[in-house]
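Undergrad: Sequence:
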Amino acid sequence: MLELNWLKTFVTLAEQQHFGKAAAVLHMTQPNVSLHIKQLESTTRVKLIERNPFHLTEAGVRLLQSSHKTLMELQVCQADLNAINDLSQGTLTIAASDIISRLLLISPFQLFKAQFPGIDFSLLNTTSSQASELVKSAQADLGFVIAQKESQPLHFTELQQIRWCALGDNLAQWQQAMLQPERVLESEPTLILLGHDTRTRDLLDSALPSLNLPTYRIMEVGSVDAQIDWAEAGFGVAIVPEFSIHTKRNLKTTVTPLPQFPTTSLGYIVRQNQILSKAIKQLLKWVDEEIIRSQH
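For any residue, its number in the numbering used here is found by taking its place in the sequence shown, counting from 1, and adding 3.
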């Protein structure tokens with residue numbers, strides 16, 4: 004009979020391809036990782052791993068495929084059982100980007116802790132793509148994402164349409180230079196955008212020509228807050244969601260709405276047919292109320 008702990012160890016080792024690294028991820032000793040693999044090979048009566056150099060045998064590759072599916076199904080099953088039982092204790096795991104969590108989730112989380120004191124929540128700071136993978140594998144109960152495409156095995160519910168704005172004093176000056184070719188700019192325009200690991204870049208890149216700018220360069224940063232900070236420091240013009248500046252009371256640079264940019268959906272994802280607990284339903288209600296409040 005295969006032990007689940009052996010399978011978890013095997014999957015982690017296959018991903019890390021190193022006994023020491025797998026032990027660190029699993030918070031185990033390296034001898035215990037080796038023991039689990041020996042027990043797994045002894046029970047299955049096949050060699051799963053070649054150690055020098057490290058690689059999976061044909062049987063190991065087959066077991067890895069099955070183990071991924073088995074462990075995910077068990078995790079999904081446990082999550083659904085917890086939801087059905089409406090447990091008053093446990094952990095709620097949420098995946099969201101930094102800007103979404105800080106602007107939309109802090110107040111709802113405060114209400115959540117007051118009403119459900121026995122439930123801890125774990126917040127995973129991710130991109131939308133990472134959040135999708137975490138929810139899909141049941142490593143997160145709920146994900147808040149931007150520009151999610153409806154796809155199996157995830158269900159997306161829109162909470163808000165995101166509109167875009169430009170933050171920075173030089174946009175109008177740059178656009179004038181485009182209309183007046185004889186006008187010479189002191190430096191090449193710089194647009195401050197999020198990195199390509201966010202889904203928003205697919206939308207923004209196609210919309211940038213509508214700004215009517217001369218040749219420009221792009222400065223990539225990792226967060227919306229970083230975009231705002233660099234634009235405020237005079238390094239260029241940042242293209243940011245309008246909701247990200249609603250709480251910024253002391254902006255020094257010009258804010259220009261960009262109605263020609265395509266709107267983007269902000270919402271949450273869960274697994275298809277996932278059972279939502281009373282606690283998750285209440286949290287989503289509070290998030291919806293926070294969004295409505297932030298728009299006024």
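Keep in mind the hints are simulated off the structure, nothing from the lab. The C-beta atom is built at its ideal place from N, Cα and C for all residues, glycine as well. Please note that the accuracy of each hint is not assured.
Below, a list of computed lysine-lysine pairs in the DSS-like style, where the Cα atoms sit at most 27 Å apart [to be verified]: (1) Lys139 x Lys288; (2) Lys11 x Lys24; (3) Lys72 x Lys116.
Quick list of simulated restraints, FRET-style, between CB atoms [said to hold, decoys possible]: (4) Ser297 x Lys41: 53 to 63 Å; (5) Ser110 x Gln142: 58 to 68 Å; (6) Leu5 x Asp232: 16 to 26 Å; (7) Asp172 x Asn276: 44 to 54 Å; (8) Lys288 x Leu211: 19 to 29 Å; (9) Asn8 x Gln164: 27 to 37 Å; (10) Ala210 x His158: 44 to 54 Å; (11) Gln113 x Gln178: 23 to 33 Å; (12) Asp172 x Leu7: 56 to 66 Å; (13) Ala210 x Lys41: 49 to 59 Å; (14) Leu254 x Pro34: 24 to 34 Å.
Undergrad: Now tell me if each hint is right for this structure.
TA: Tested hints:
1. Restraint check for Lys139 and Lys288: satisfied, since their Cα atoms lie roughly 22 Å apart, inside the 27 Å limit.
2. Between Lys11 and Lys24, the direct Cα distance comes to roughly 14 Å. Compliance with the 27 Å bound is thereby established for this hinted pair.
3. Between Lys72 and Lys116 the CA atoms are separated by roughly 33 Å; this puts the pair beyond 27 Å, and the hint is violated.
4. For Ser297 and Lys41, the Cβ-Cβ distance of about 56 Å falls inside the hinted range of 53 to 63 Å, so the restraint holds.
5. Take Ser110 and Gln142: their Cβ atoms lie about 25 Å apart, and the range 58 to 68 Å is violated.
6. A beta carbon spacing of about 51 Å between Leu5 and Asp232 contradicts the range 16 to 26 Å that was offered as a hint.
7. Judged by the Cβ atoms, the range 44 to 54 Å given for Asp172 and Asn276 holds: they are separated by roughly 50 Å.
8. Our hint of 19 to 29 Å for Lys288 and Leu211 is violated, since their Cβ atoms are close to 37 Å apart.
9. Between Asn8 and Gln164 the CB atoms are about 46 Å apart, so this pair departs from the stated range of 27 to 37 Å.
10. Range check, Ala210 to His158: Cβ separation about 27 Å, and the 44 to 54 Å hint is violated.
11. Look at Gln113 against Gln178: about 43 Å separates their beta carbons, and that is not inside 23 to 33 Å.
12. For Asp172 paired with Leu7, a C-beta distance near 59 Å keeps the hint of 56 to 66 Å intact.
13. Taken as a hint, the range 49 to 59 Å holds for the pair Ala210 and Lys41, whose Cβ atoms sit roughly 57 Å apart.
14. Taken as a hint, the range 24 to 34 Å is violated for the pair Leu254 and Pro34, whose Cβ atoms sit roughly 57 Å apart.
Going down the numbered hints, you'll see the structure goes against 3, 5, 6, 8, 9, 10, 11 and 14, while the others check out.
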